[in-house]
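Q: Here's the letter readout for the chains.
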Amino acid sequence: NAGVTQTPKFQVLKTGQSMTLQCAQDMNHNSMYWYRQDPGMGLRLIYYSASEGTTDKGEVPNGYNVSRLNKREFSLRLESAAPSQTSVYFCASSGWDSPRGTQYFGPGTRLTVL
Amino acid sequence: AQTVTQSQPEMSVQEAETVTLSCTYDTSENNYYLFWYKQPPSRQMILVIRQEAYKQQNATENRFSVNFQKAAKSFSLKISDSQLGDTAMYFCAFMSGTSYGKLTFGQGTILTVHP
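First to last, the sequence lines map onto chains B and S. Numbers 1 to 114, taken from the working numbering, label the letters of the first sequence in order. Numbers 115 to 229, taken from the working numbering, label the letters of the second sequence in order.
Mixed in with the good hints, there may be bad ones.
[Said to hold, decoys possible] Okay, derived cross-link-like pairs now, DSS-like style, lysine-lysine, Cα gap no bigger than 25 Å in a straight line:
hint, chain 1, residue 1, chain 2, residue 2
1, B, 71, S, 216
2, S, 216, B, 57
3, B, 57, B, 71
[As the list claims (entries may be wrong)] Distance windows between CB atoms, simulated:
hint, chain 1, residue 1, chain 2, residue 2, range
4, S, 174, B, 59, 28 to 34 Å
5, B, 51, S, 115, 22 to 28 Å
6, B, 59, S, 134, 27 to 33 Å
[Said to hold, decoys possible] Facing chain B, according to a computed beta carbon distance under 8 Å, are these residues of chain S, among others:
hint, residue
7, 147
8, 154
9, 158
10, 220
11, 226
Rather than coming from a laboratory, the hints here were simulated on the basis of the structure. None of these values were measured; they are calculated from a predicted model. All C-beta atoms in this analysis are idealised placements derived from N, C-alpha and C, irrespective of residue type, glycine included.
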């Protein structure tokens with residue numbers, strides 16, 4: 001089992017460029033999440049998908065869009081990147097067979113917007 | 115909205131000794147879950163321990179244990195017999211029992227274990 005995988009691991013963008021961060025899980029989990037991690041602020045929830053076909057905003061959704069492509073995959077899109085979106089992005093998943101509330105995280109994507 | 119506060123930006127401990135990391139939270143709910151996650155230099159987020167608020171017994175996982183004080187809204191992590199591999203950023207996190215899946219994280223505490 002690979003668990004939660006994210007691509008790419010690193011990315012540098014120029015202001016105004018767009019890109020999509022990919023996330024996939026092979027644990028048959030229903031729920032998936034996108035977080036961003038900034039220095040001194042811990043992780044903050046951007047968007048989540050409680051189940052296939054549904055998505056909802058988290059704490060900091062502005063400037064992002066998401067797509068739950070299928071049960072395995074949940075992508076995060078930056079339509080017009082801004083320097084304020086420089087951060088480390090984590091994808092996570094959880095399932096009904098997990099201890100309630102426990103989320104499993106991917107390795108993260110370090111994004112720099114110049 | 116819930117908030118989670120970790121008041122210790124950095125801590126250090128000698129190998130084999132015990133260290134306690136502090137966490138407080140604010141909520142008006144009675145049903146919730148609390149977590150400690152570890153983030154080593156590899157950046158991978160690893161679950162250390164989990165506590166259900168309705169359980170009075172403190173959770174333990176090998177060298178890791180918590181002191182859960184529900185009335186005081188305090189959730190500290192004790193690491194016994196510290197090892198060099200415990201060097202990491204530690205995050206306290208809260209999840210409401212009614213907002214399933216939404217984790218609220220504290221700011222993190224950097225723990226350094228010295229040989």
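Q: It remains to establish, for every hint, whether it holds in the given structure.
A: Structure-based check of all given hints:
no., hint, verdict
1, B:71 / S:216, "holds (19 Å)"
2, S:216 / B:57, "holds (10 Å)"
3, B:57 / B:71, "holds (18 Å)"
4, S:174 / B:59: 28 to 34 Å, "holds (31 Å)"
5, B:51 / S:115: 22 to 28 Å, "holds (24 Å)"
6, B:59 / S:134: 27 to 33 Å, "holds (28 Å)"
7, 147, "holds (4 Å)"
8, 154, "violated (12 Å)"
9, 158, "holds (6 Å)"
10, 220, "holds (5 Å)"
11, 226, "violated (17 Å)"
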